[in-house]
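Asks: Below are the chains, spelled out letter by letter.
There are 2 protein chains.
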Amino acid sequence: MKRARAQLQAVPLEEAKRIFFAALTEFFHAREEEIPTIQALGRVTSRAVFAQRDLPHYASAAMDGIAVTAERTRGASPQNPVRLTRKSHFEYVDTGDPIPQKFDAVIKIEDVREIDTDTVEIYKSVPAGKHIRLVGEDFARGAPVVPQSFQLSPEAIAALLGTGNLTVWVKRRPKAIFIPTGSELIPPDEKPSVGQIVETNSQIVKGYVEQWGASITVHSLVPNDLEQIRHAVKQSLLEHDLLLIGAGTSKGRGDFVPQIVGELGEVLVHGVAYHPGHPVLLGVIERKPIVGLPGYPVATWLALHLFVKPLLERYYWGHEREFFKVPARLTKSIQSVRGYREFVRAKLERAEDGLYLVHPLQGGASKLSTIVGADGWIEVPEDIEHYEQDTIVEVSLVREML
Amino acid sequence: MKRARAQLQAVPLEEAKRIFFAALTEFFHAREEEIPTIQALGRVTSRAVFAQRDLPHYASAAMDGIAVTAERTRGASPQNPVRLTRKSHFEYVDTGDPIPQKFDAVIKIEDVREIDTDTVEIYKSVPAGKHIRLVGEDFARGAPVVPQSFQLSPEAIAALLGTGNLTVWVKRRPKAIFIPTGSELIPPDEKPSVGQIVETNSQIVKGYVEQWGASITVHSLVPNDLEQIRHAVKQSLLEHDLLLIGAGTSKGRGDFVPQIVGELGEVLVHGVAYHPGHPVLLGVIERKPIVGLPGYPVATWLALHLFVKPLLERYYWGHEREFFKVPARLTKSIQSVRGYREFVRAKLERAEDGLYLVHPLQGGASKLSTIVGADGWIEVPEDIEHYEQDTIVEVSLVREML
Chain A
-13 MKRARAQLQA VPLEEAKRIF FAALTEFFHA REEEIPTIQA LGRVTSRAVF
37 AQRDLPHYAS AAMDGIAVTA ERTRGASPQN PVRLTRKSHF EYVDTGDPIP
87 QKFDAVIKIE DVREIDTDTV EIYKSVPAGK HIRLVGEDFA RGAPVVPQSF
137 QLSPEAIAAL LGTGNLTVWV KRRPKAIFIP TGSELIPPDE KPSVGQIVET
187 NSQIVKGYVE QWGASITVHS LVPNDLEQIR HAVKQSLLEH DLLLIGAGTS
237 KGRGDFVPQI VGELGEVLVH GVAYHPGHPV LLGVIERKPI VGLPGYPVAT
287 WLALHLFVKP LLERYYWGHE REFFKVPARL TKSIQSVRGY REFVRAKLER
337 AEDGLYLVHP LQGGASKLST IVGADGWIEV PEDIEHYEQD TIVEVSLVRE
387 ML
Chain B
-13 MKRARAQLQA VPLEEAKRIF FAALTEFFHA REEEIPTIQA LGRVTSRAVF
37 AQRDLPHYAS AAMDGIAVTA ERTRGASPQN PVRLTRKSHF EYVDTGDPIP
87 QKFDAVIKIE DVREIDTDTV EIYKSVPAGK HIRLVGEDFA RGAPVVPQSF
137 QLSPEAIAAL LGTGNLTVWV KRRPKAIFIP TGSELIPPDE KPSVGQIVET
187 NSQIVKGYVE QWGASITVHS LVPNDLEQIR HAVKQSLLEH DLLLIGAGTS
237 KGRGDFVPQI VGELGEVLVH GVAYHPGHPV LLGVIERKPI VGLPGYPVAT
287 WLALHLFVKP LLERYYWGHE REFFKVPARL TKSIQSVRGY REFVRAKLER
337 AEDGLYLVHP LQGGASKLST IVGADGWIEV PEDIEHYEQD TIVEVSLVRE
387 ML
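Top to bottom, those sequences are chains A and B. The letter at position 213 of the first sequence is residue 199 when you use the working numbering, and the numbering goes up by one with no holes. The letter at position 229 of the second sequence is residue 215 when you use the working numbering, and the numbering goes up by one with no holes.
If you're looking for bench data, these hints aren't it; they were derived computationally from the structure. Do not take every clue at face value.
If several chains are the same, the list does not tell them apart, and a pair holds so long as it fits within one copy or across any two.
Each computed DSS-like pair below joins lysine-lysine, with the alpha-carbon atoms no more than 27 Å apart [stated by the list, open to error]:
1. Lys333 with Lys157
2. Lys311 with Lys295
3. Lys88 with Lys177
4. Lys73 with Lys94
5. Lys318 with Lys116
6. Lys274 with Lys192
In isolation and in its complexed conformation, chain A is listed as follows (with noise of 0.2 Å):
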């Protein structure tokens, strides 16, 4: 029985992501769309949008009171108050409220005497201006409104259509696809037998990548066979951007998708320095990148924060987002393999000084219990061994903290 091995590369993560991301120039050239501004929350602006009109469009009371010439009030005291009459001198205003045209300030309830329907006192005066909205004090027409790469926040899409902006510019989603493969792959609502297992990868994939704003689509299963794979792969390029390939984890597969994508297009990098989950392909296909994801969930799951993450982010702000960092104490020792960068998944506590104590969980790339209870990773460098306990570590809060 000929036993053939794949031959896989130890490239370094950085090294790895430097000449991936190099391939694809034409994937990080922004392709827009105009779409309406009501549709646009949480997408990512592709021009500048600038202020249609004045917000607001005409000069209104900040304050409930009495519009007022401020000419006239000058030298207004409570020794010497001044007396208004309404129409010619005054209008009621409450906030909101435009401004009678020959008015130009506005006096506060509060600091008016009522004399009769008609008459006022006041006591002092007050300059043009004096409580007053005026005309394009938020946005001024022709003001820019969000800048070019800015993701729309329920207030940004306020403020455009505040100012007049019905539709905007924005960059439009990449359609990414996952192809799972693998004989052994039987869908959620099945009950698997012996040798057969419950694909489950694809809802992280499908989670994750919409999160961070691309549209993805789910490819039926596809058996582990090379026609059959080397088929879904051309299909799936018709209509995406981004091909995410699950490389399963059946017998002597390891072989399929490397072969594919080397006879479509080029393989990059097969195997990066880091675990778990190193033997992840990076390739491209007609310019279009392809991301060959190890079966192991836990592998899945990292290399998709690792490569389809930065690769999405690079798309829409040019540059990749950091994530949050805290320090904190480690409870127990890690071990890592020299030359090999280890991502060990790690669960946060408070400890009572304030600090935090970091629990790593423990188990290799198969086990999704390790990532379900995970607040984030512990980083380790490929030159470090080991971390004894108590050392404070950075860990990458890769989940919102509750």
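Position chain B against the provided structure of chain A, taking the given hints into account.
Replies: Coordinates of chain B only, in the frame set by chain A:
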């Protein structure tokens, strides 16, 4: 002309929340529903979920190699190799393959010398269980997969499906409705004339309330008319768990919402001692929470974060989630009013020394521009009237930093 003035309270913020939440025991009693797991991403469990079957459900090879009986490898060494015969003593296995019944360990293919098609030699012994993924080693049948009140991540969805949980009990999303009131309001696709205001607060309310886990309906615009507002409130109570009423900015209107809430239920707090936006109303009708949001956009945004976010967090988690806070050095002095808590919107910038600089954003409750550009806020306590430039303050991160 009679000028009825709403008598606003100045209830301290923590006290206002305490009064409000104490009246809402029924709202906080979470209702649950059973939904398909594949639709449950982001939802919060109402019960702990347990594995319906072992994951993995059969023993499998954790490495490519040969499955053996550990017993038979005993004493193997380079000086004393042990010969094994296929079928009787070993079988080839790849990662993920089931371990044939009679074997109990795996030897890595790198440690095996192939003599002929059916014979191998090994040079070291292995203990039972070596390189085998045991039944239930990720999740044993009956073991907890996720606890109660757990927000379902992509990997949690995978773990649920992998352990045979095709449906999951989750907390029902509270149904919220936002009622924008004000005769001056027009929809964003109409062109405003003097005195008209494009209604955009609904975008802010919708965006955040959905993000915090409630479903939200936006009511049609309601003119500032006692009967019409009362009708809208009564109708909204029929199908919603939480009413948010947009107070708008028009004349004398400040009186209608408290009056209606008082008639149909109870006004708990009207006026909270913070800026900007203190004329917030907190009430209860038919044991349902009612929040009257002041009409200026910044005031609406802040009241949502101060009252509605904690309300939904208490519903889902039984406690409030704090904003992440970072210390930063003020680039300008800030002023505040004694007795009021001031929320100063702020933009962060990384300083050269690795610390953050924080730029306070000027402008009152009317300026959307101060929240569109903000990363978070600085909270100035009630007993402090100003912070000098260069003071180190804490910035609450309302939005994830880029």
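Asks: Provide an ascending list of the numbers of those earlier hints which the structure does not satisfy.
Replies: none
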